[in-house]
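K.L.:
For reference, the chains in residue letters:
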Amino acid sequence: MPSFGNNPALTLYRNLEVERGDDTDVKATRGLLARGQADKVRKEMDVQQPSVRVAKHMSIIKRKRDEITNDRA
Amino acid sequence: MTELNQPLLDAPISGQHMTSELGGRPWQQAPQYTTVDEAIEYYLDRMSSDEFTDQLVDVLEMDVPVTTLANTIQLGGVMDGKHSVDVGMLVMPLLMEMIMLVGDMADVKYDSGMENPNKGKTRDTLLKSVKMKLQRQIDKKESMIFDDEELGKSISNDEESDEIIMEEPQENEEPKGLMARRV
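Protein chains in written order, with our numbering: chain A, 1 to 73; chain B, 1 to 183.
No false leads were mixed into what you were given.
If you want a taste of the chain A side facing chain B, the calculated C-beta under 7 Å gives, among others: (1) A9; (2) L10; (3) L12; (4) Y13; (5) P50; (6) I61; (7) R65; (8) I68.
Listed below are the simulated DSSO-like cross-link pairs for lysine-lysine, each with C-alpha atoms no more than 27 Å apart in a straight line: (9) K141(B) / K131(B); (10) K62(A) / K109(B); (11) K131(B) / K121(B); (12) K109(B) / K56(A); (13) K140(B) / K153(B); (14) K43(A) / K64(A); (15) K109(B) / K64(A); (16) K119(B) / K62(A).
Beta-carbon label-pair distances, calculated as ranges: (17) E17(A) / R136(B): 40 to 46 Å; (18) K140(B) / Q49(A): 55 to 61 Å; (19) T53(B) / R63(A): 17 to 23 Å; (20) N118(B) / R72(A): 28 to 34 Å.
Derived by calculation from the structure, the hints in this document are not laboratory data.
Everything numeric in this text was worked out from a predicted model, so none of it was measured.
A virtual CB, placed ideally from N, CA and C, is assigned to each residue, including glycine.
Can you build the whole structure from these sequences, using the hints too?
P.N.:
Here it is in structure tokens:
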């Protein structure tokens, strides 16, 4: 008989969905003399925060999931 | 919000923490992966193996919620000394997403654990509040009926007492007149 405990997974998932925000792709600039924008974009996205990093990983997997479900539909 | 409908799959026995030396367990040592990135890499490697995926699909088919599975997996990581509880908490949503991805890829109908289990059911609190309101109304009506009865009784009592009052002076009235006897 299973006992009942407290599972924080749902709350954490919902919090990270808020953290994830808009899904934006970082596009590399082309050309040898083009200035790199990766650092600037990273700063704007606040990627140094661990939760934001996880949220970005999540958004990639979520996109993949959406692709699979849309292909089936 | 906390979720109470989660089965605790592996609860420790009371006093189990006193059965070994301090530092003798993996979770009492420094964690192997200290950052979120390292932990994610560890889990992605582990979860992408065929053996793990097959087992995961079997468990999902048994209607075990994804939230429970993710919590159990990260708790296992903490117990094995792979990462700290904090890193586990941070990684858990990603584990959920990964589990759901595996479920979608295998075309399994899984329980995400995110739906409200009480959806469509009448709330207990609503039932109790309605019951209380009805009880109050019944009490109020009963008290009104009681008051009316009391009022009716008191009116009839007043009339009787008036009669008595009217009668009393007659009894005590002293005879008057020249020929009357004095008591």
